[in-house]
Amino acid sequence: MIDPDGYRPNVAIVLMHPDGRVFWARRVRRDGWQFPQGGMNSDETPTEAMYRELREETGLLPEHVDVLGSTPGWLRYRLPPRAIRRHDRLVCIGQKQVWFLLRFTGDETDLKLDLTDSPEFDHWRWVDFWYPLEHVVNFKRMVYTHALHHLAPFARQVAGVQAIPAPNFEPRRWSRPRTRRRPPAPYGGQGADGSEPG
Numbered sequence: 001m002i003d004p005d006g007y008r009p010n011v012a013i014v015l016m017h018p019d020g021r022v023f024w025a026r027r028v029r030r031d032g033w034q035f036p037q038g039g040m041n042s043d044e045t046p047t048e049a050m051y052r053e054l055r056e057e058t059g060l061l062p063e064h065v066d067v068l069g070s071t072p073g074w075l076r077y078r079l080p081p082r083a084i085r086r087h088d089r090l091v092c093i094g095q096k097q098v099w100f101l102l103r104f105t106g107d108e109t110d111l112k113l114d115l116t117d118s119p120e121f122d123h124w125r126w127v128d129f130w131y132p133l134e135h136v137v138n139f140k141r142m143v144y145t146h147a148l149h150h151l152a153p154f155a156r157q158v159a160g161v162q163a164i165p166a167p168n169f170e171p172r173r174w175s176r177p178r179t180r181r182r183p184p185a186p187y188g189g190q191g192a193d194g195s196e197p198g
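By UniProt numbering, the letter at position 69 of the sequence shown is numbered 69, and the numbering carries on one by one without gaps.
Just to be clear, a hint being listed does not mean it is correct.
Stated by the list, open to error - DMTMM-like cross-link-like pairs, simulated, lysine to aspartate or glutamate; straight-line CA separation at most 25 angstroms:
no.: 1; residue 1: 112; residue 2: 44
no.: 2; residue 1: 96; residue 2: 48
no.: 3; residue 1: 96; residue 2: 56
Derived by calculation from the structure, the hints in this document are not laboratory data.
Since this is a predicted model, take the numbers as computed values, not measurements.
Use the sequences and the hints to build the structure in full.
Encoded structure:
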């Protein structure tokens with residue numbers, strides 16, 4: 001299912017341990033790590049799709065989690081050009097996602113990555129809440145940033161401010177393309193056009 005703008009509806013899941021760490025998983029046959037996520041079927045609500053993806057990708061059932069919050073509306077990211085299949089009948093240029101924050105209430109033995117014939121992940125670990133922002137693939141960084149900043153207040157209600165402090169970087173850093181830094185201005189002063197360097 002792809003919308004008229006070329007985005008595939010999708011859900012993403014931040015599964016949080018009660019101590020504030022989050023579930024971080026490695027994709028099968030790749031060296032990429034990410035949160036669980038997956039496409040929605042045309043007859044599903046975001047919540048229904050979230051529980052289905054949760055089961056397929058982590059082995060968890062609704063009784064293993066509590067829903068703490070979700071993002072309002074859609075968050076979008078574009079695929080890099082090399083990942084767009086231009087010859088498909090409907091061309092998908094990216095994903096539009098609803099993100100869910102879930103508190104893990106089960107036992108770690110409940111986590112099973114191999115319930116389907118084609119597992120999404122082959123390894124997982126618990127990481128600090130903000131860790132994924134520096135370690136997810138580049139083209140997903142902006143959507144991860146917006147989602148985690150929105151979900152952090154819900155997470156703090158469970159884990160506390162000490163477990164989920166304010167991030168130590170500027171969130172807008174990922175919301176615009178990176179540009180080359182100009183070389184330092186001579187004498188450490190202003191640039192030739194009167195602007196501050198950098």
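Cross-check of the supplied hints:
no. : hint     : result
1   : 112 / 44 : 24 angstroms, holds
2   : 96 / 48  : 16 angstroms, holds
3   : 96 / 56  : 20 angstroms, holds
Violated hints are absent here; each numbered hint is respected by the structure.
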